[in-house]
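Student: For reference, the chains in residue letters:
2 protein chains.
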Amino acid sequence: MTHPLPGVGVFGTGFTAKAFIHLLKLAGFRIEALWGRTTDDAEKLASEMDIPFFTSNIDDVLLNQHVDLVCIHSPPFLHSQIAVKTLGIGKNVVCERPGGLGFEDTLRMLNAAKYYPSLMSLMTYNLRFLPTFQKMRQQILEGYIGDILIIEVRVHSGVMLDQHYNWLHDGRMGGGMLAQFGGHFIDVINFISGQKAKQVHGFLTTFQKHTAKVNGFREITSDDFCTFQMKLDKGACCTCILNNNVPGKFSYEVLVIGTKACLIAKDGILHGQSKSEGRGFGKQEVFESDDQKLPSGLDTIFPIEISEQIPVALCQGMMKFIESLKESFMQQDDKRTWDSASLQSAATFEDALYVQSVLESVRQSSETSDWVQVHPTGVNINTSINQTNT
Amino acid sequence: MTHPLPGVGVFGTGFTAKAFIHLLKLAGFRIEALWGRTTDDAEKLASEMDIPFFTSNIDDVLLNQHVDLVCIHSPPFLHSQIAVKTLGIGKNVVCERPGGLGFEDTLRMLNAAKYYPSLMSLMTYNLRFLPTFQKMRQQILEGYIGDILIIEVRVHSGVMLDQHYNWLHDGRMGGGMLAQFGGHFIDVINFISGQKAKQVHGFLTTFQKHTAKVNGFREITSDDFCTFQMKLDKGACCTCILNNNVPGKFSYEVLVIGTKACLIAKDGILHGQSKSEGRGFGKQEVFESDDQKLPSGLDTIFPIEISEQIPVALCQGMMKFIESLKESFMQQDDKRTWDSASLQSAATFEDALYVQSVLESVRQSSETSDWVQVHPTGVNINTSINQTNT
Chain A
1 MTHPLPGVGV FGTGFTAKAF IHLLKLAGFR IEALWGRTTD DAEKLASEMD IPFFTSNIDD
61 VLLNQHVDLV CIHSPPFLHS QIAVKTLGIG KNVVCERPGG LGFEDTLRML NAAKYYPSLM
121 SLMTYNLRFL PTFQKMRQQI LEGYIGDILI IEVRVHSGVM LDQHYNWLHD GRMGGGMLAQ
181 FGGHFIDVIN FISGQKAKQV HGFLTTFQKH TAKVNGFREI TSDDFCTFQM KLDKGACCTC
241 ILNNNVPGKF SYEVLVIGTK ACLIAKDGIL HGQSKSEGRG FGKQEVFESD DQKLPSGLDT
301 IFPIEISEQI PVALCQGMMK FIESLKESFM QQDDKRTWDS ASLQSAATFE DALYVQSVLE
361 SVRQSSETSD WVQVHPTGVN INTSINQTNT
Chain B
1 MTHPLPGVGV FGTGFTAKAF IHLLKLAGFR IEALWGRTTD DAEKLASEMD IPFFTSNIDD
61 VLLNQHVDLV CIHSPPFLHS QIAVKTLGIG KNVVCERPGG LGFEDTLRML NAAKYYPSLM
121 SLMTYNLRFL PTFQKMRQQI LEGYIGDILI IEVRVHSGVM LDQHYNWLHD GRMGGGMLAQ
181 FGGHFIDVIN FISGQKAKQV HGFLTTFQKH TAKVNGFREI TSDDFCTFQM KLDKGACCTC
241 ILNNNVPGKF SYEVLVIGTK ACLIAKDGIL HGQSKSEGRG FGKQEVFESD DQKLPSGLDT
301 IFPIEISEQI PVALCQGMMK FIESLKESFM QQDDKRTWDS ASLQSAATFE DALYVQSVLE
361 SVRQSSETSD WVQVHPTGVN INTSINQTNT
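As you go down the protein sequences, you meet chains A and B in turn. Be aware that the first sequence starts at 1, since it is given in full-length UniProt numbering, and climbs by one per residue. Be aware that the second sequence starts at 1, since it is given in full-length UniProt numbering, and climbs by one per residue.
Derived from the structure by calculation, the hints contain no laboratory data. It is possible that some hints are incorrect.
A pair counts as met if it fits within one copy or between any two copies, since identical chains are not told apart.
Dumping the calculated BS3-like pairs for lysine-lysine here, alpha-carbon to alpha-carbon at most 27 Å [unchecked claim]:
1. Lys260 x Lys249
2. Lys196 x Lys209
3. Lys234 x Lys18
4. Lys266 x Lys135
5. Lys266 x Lys283
6. Lys213 x Lys293
7. Lys25 x Lys335
8. Lys293 x Lys275
9. Lys85 x Lys114
10. Lys335 x Lys196
11. Lys213 x Lys275
12. Lys213 x Lys283
13. Lys231 x Lys198
Let the sequences and hints guide you as you build the complete structure.
Tutor: Dropping the structure here:
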């Protein structure tokens, strides 16, 4: 006989936890248990999302006999310990990005995943699941653009952080553009190009240090502007800009330029343009497009000032991932077995470790790398001319 | 009595020389003498543009009694010596960017300009003359965006360099995206924001090293991809991407984000968007737009494969500059006197020196700056886990 979908235990009560729960339920999963940092938080969301069990005790979820699949959407500092413990108990795990606070956190997760290779251990780097990036990867694999020369990534958003102080405001706790959005794009660049960063240079800063709700002795330290460059291992260059100070909705553009053509994924539309013979480039063609709307119901479970700001692409990716997750559990003999073929696009803990390495290198570069002083011009020009001439 | 416009001597026979001559004539200037690196080059363009005198001898232009204004569009290595000599002879000078090959070249030009303060000494950083950048500067001065936080600049082009080997192919001789286009945007950022770079980090590279006409033992060394960041002196950050590997026409975007609003100049249109009270941003408004067509006749004096690639914005800026140049010479008592009020927006040799400092610092950074190695992940993970644990 075939079993129904596995029961799910969810860690976290924030935005992504709520969205993930909503989409899991939409796909037919039962949410059996919810963990929150306080019992109040857990109770509130459990009642809202109709979840039978809530707790602030980690083990109460992990050991719950109805829970076969654990989805981690807690603050990042707990990701690694919950993931490792889940695998140790013998349950499948899906973990929200990033893979913990640093390289060593993610290394522990990967080690556990390798120790239990039959258990599911996936990361929610879900831009991979968008039809546009799937198609982009395929076109690159098939040689449409030739050798990759340059990748330009630009992410603009104006997400308001005007809520009570939490880990999102703290750069050391996993907040900021680089960890929140940068990780997704570092992963998707690797996914589409098959290339990894060898060297990086980066710069992070925080322009908006206070909001109406975060002020006084507290200030925001998570980056709201980040730019970094990567030299990839097969010779391509990549430059990324992540800017949360831009008016309007979340928008992104991934431009991949090759020797023969270029591909542009921009806000859910994939364009291509091939170099024509002789001179210039050919006409722009649309190759693929994603659904441009929020997945069903997500606009109603959040207040309008939040749902307006939700990055549609990330939610569409999340939904596509959950559909594949469902498929992998269908037609199985046991609630804990799964078919890896349906999830071959999914990001693993090994991918998470790569992303984490890049994130850390970018941060390190921002703290230590040398900038070149611009020769001062103006005031003492004549003095320096005289010095030059003597 | 008032004199007619000054007679002009032009140095150079390349694309910008020809375009400049065309627009000067359109404005009513007489071109009295033309210099080319070879007499053949000079003769060819002189006959094409109907110029009475041509030579390959520099002094023959400078000392020509009909020449009162000298316009330098020679290869960059000659800019400084011609400009300094022109001023020494007591004639007005307009010099194509960049101001020579390096800082010391430009310093000599500036020194000469300061020694003869009544003579005209201007650089053709002419994006300043576009209505969109004039308006942008005004809006910033009037406080529309508040304090400037971030400036993002992106320049995409696909200019073909498939011509016989010349200085444009050589990074040390003034060729490349950084010197050719970067300088214009470094200048216009200073113009609109009033801020100068204190520190820079940059990366330059050349992807297309050969073309049908440049191959064998010769290769292109001028950069076709450049990205750099600047920390400006009043706290703003600026990031620039210059990419000549992108399909389609020349296009640019300058995004200036402030505490109160943002301004975007994109391909000749200036948009603004103010932060509304409470949350998010207001509606986007169009504040100004430039003429989107090539100035009259420029499309016919070049073959179509060149005229298609001409950056319209730079030619529009050139035309506006020449109109102001004409105005400054009108109603004067002498062919060498000019009214500085009409040219108050123009870039001086002091501006050229600033741009040159930044260009050199970006190049220096690209050669010397440290990149951070990304921690290798993959193969030896288990070894490194064991090492971590012991």
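Student: Which numbered hints are broken by the structure, listed smallest first?
Tutor: 3, 6 and 10
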